[in-house]
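Top to bottom, those sequences are chains V and X. Numbered per the working numbering, the first sequence finishes at 1535, counting up by one with no gaps. Numbered per the working numbering, the second sequence finishes at 1019, counting up by one with no gaps.
Keep in mind the hints are simulated off the structure, nothing from the lab. Since we're looking at a predicted model, the values are computed, not measured. Each hint should be verified, as a subset may be incorrect.
What the hints assert, rightly or not - Listed below are several chain V residues computed to face chain X (Cβ distance under 7 Å; list not exhaustive): (1) P1463; (2) L1467; (3) A1485; (4) I1519; (5) T1523; (6) F1526; (7) G1529.
Built from N, CA and C at the ideal position, the CB exists for glycine as well.
Each chain is listed here by its residues.
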Amino acid sequence: DGGITQSPKYLFRKEGQNVTLSCEQNLNHDAMYWYRQDPGQGLRLIYYSQIVNDFQKGDIAEGYSVSREKKESFPLTVTSAQKNPTAFYLCASSIRRDTQYFGPGTRLTVL
Amino acid sequence: SQQGEEDPQALSIQEGENATMNCSYKTSINNLQWYRQNSGRGLVHLILIRSNEREKHSGRLRVTLDTSKKSSSLLITASRAADTASYFCATDAGNMLTFGGGTRLMVKP
Chain V
1425 DGGITQSPKY LFRKEGQNVT LSCEQNLNHD AMYWYRQDPG QGLRLIYYSQ
1475 IVNDFQKGDI AEGYSVSREK KESFPLTVTS AQKNPTAFYL CASSIRRDTQ
1525 YFGPGTRLTV L
Chain X
911 SQQGEEDPQA LSIQEGENAT MNCSYKTSIN NLQWYRQNSG RGLVHLILIR
961 SNEREKHSGR LRVTLDTSKK SSSLLITASR AADTASYFCA TDAGNMLTFG
1011 GGTRLMVKP
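With the rest of the complex left out, here is chain V:
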């Protein structure tokens, strides 16, 4: 069953905590992306990676960090420096820039 998975589906964070969102794909895609979506809004790019061991900042990278140690995995850490982290987080992958395949998303809520 090929696809892109994200876990957990729901995540709750206390103030000052770092949390890590998982994103895994078995599509053999080189590129992976993390987006943030606020209610009723479009997607904003946080980080992207076009190849293993390399990643680039997107439009709203402050307060987030990523790693790309394996082709299949692109975890996102939301750090305590992100002051307004409550949002819906979407991971995507692609072979080229043409078409992106999205995971089901993780909804993060700060308590």
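Fit chain X to the given chain V structure using the hints.
Only chain X this time, still in chain V's reference frame:
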């Protein structure tokens, strides 16, 4: 930076009617894509139109692209209640995709 802007922001129609959504963008692009998002879910790719194409069809979907006006439209014909979702345009300007704010479509049975 939000390259694409959809219009209208929300659209409500009856089942069987056609739905038209528009997208405007600011810079030259390689291609423009349309995605669909059901509430609380990930996005699903619908159709891609390249900068040298003017019109493309896929099932009940018709996409047009006017690079001189920097605009695109998505037409869904004979809409169904299951078409209720948010629709986003995304532009590829050479580095990454940039998504618009979306059109929320409601199709009433």
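- Under 7 Å, Cβ to Cβ, is where F1526(V) needs to be relative to chain X, so tell me if that hint holds or is violated. 4 Å, holds
- Hey, does the G1529(V) contact hint survive, CB to chain X under 7 Å? 5 Å, holds
- Query: Going by Cβ atoms only, is T1523(V) closer than 7 Å to chain X?
  - Reply: 5 Å, holds
- Query: Quick one, is the L1467(V) hint okay against chain X at 7 Å, beta carbons?
  - Reply: At 4 Å from the nearest chain X Cβ, L1467(V) passes the 7 Å test, so the hint holds.
- Query: Hint check: is the beta carbon of A1485(V) less than 7 Å from a beta carbon of chain X?
  - Reply: With Cβ-Cβ at 13 Å, over 7 Å, it is violated.
- Query: Taking the closest Cβ pair, is P1463(V) under 7 Å from chain X?
  - Reply: Nearest chain X Cβ about 11 Å off; hint violated.
- Item | Restraint satisfaction for I1519(V) [CB to CB of chain X, less than 7 Å] | 12 Å, violated
Hint compliance for this structure: hints 1, 3 and 4 are broken, all remaining hints hold.
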